[in-house]
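J.: Sequence:
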Amino acid sequence: MTARGCAFPDGDAAAPAAVLLRMEDEHDENNTKAQLKLRGDVAVKRKDYRGAAMCYTEAIELDPIDAKLYSNRSFCHMQMTEVDMALFDANACIELLPGWIKGYYRKGVALMFLKEYKEACDVFTAGLKLSPGNSEMKEAQREAVDAMERTARFGKA
Numbered sequence: 001m002t003a004r005g006c007a008f009p010d011g012d013a014a015a016p017a018a019v020l021l022r023m024e025d026e027h028d029e030n031n032t033k034a035q036l037k038l039r040g041d042v043a044v045k046r047k048d049y050r051g052a053a054m055c056y057t058e059a060i061e062l063d064p065i066d067a068k069l070y071s072n073r074s075f076c077h078m079q080m081t082e083v084d085m086a087l088f089d090a091n092a093c094i095e096l097l098p099g100w101i102k103g104y105y106r107k108g109v110a111l112m113f114l115k116e117y118k119e120a121c122d123v124f125t126a127g128l129k130l131s132p133g134n135s136e137m138k139e140a141q142r143e144a145v146d147a148m149e150r151t152a153r154f155g156k157a
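Take the sequence shown: its letters are residues 1 to 157, numbered as in the working numbering.
These are computed hints drawn from the structure, not numbers from a lab.
This list has only true hints and no planted wrong ones.
DSS-like cross-link-like pairs, simulated, lysine-lysine; straight-line CA separation at most 25 Å:
id, residue 1, residue 2
1, Lys-118, Lys-138
2, Lys-129, Lys-115
3, Lys-129, Lys-118
4, Lys-47, Lys-68
5, Lys-68, Lys-33
6, Lys-68, Lys-138
7, Lys-138, Lys-115
8, Lys-129, Lys-68
9, Lys-68, Lys-45
10, Lys-33, Lys-45
11, Lys-33, Lys-47
In this text the structure is predicted, and so the values were computed from the model without any measurement.
Generate the whole structure from the sequences, applying the supplied hints.
T.: Here you go:
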């Protein structure tokens, strides 16, 4: 079975066996979703963010309540500077899995790009409440605070 829009650059939708497991049952949606997610992950490693986003989109169609797929697609959209789409997916991720810090991080990154520093700071703070020791989230929050202060002082970030 080949995924509609999710294939490898050489057109071979059945990726190398070392990277992807062959589907045993073409109609098993969980297997298909796992294949699509794995193809998306491989595409991200190749920096093929458009291809990865397509794979994650197809996987979301099969399982629209998998927050991790939205997070992965949000990352891809940010890499392509499709910020509104990245923010949409980050919000979906938080709605589906509010206790998972990565959704907050994805949302905060999108808000920083949009220069919505106060809102980004609030989102990073919410993420830190879930995982107080997360150094990546702490650094992101510091950057948001710094950007807010620069904007207040100089009128620009």
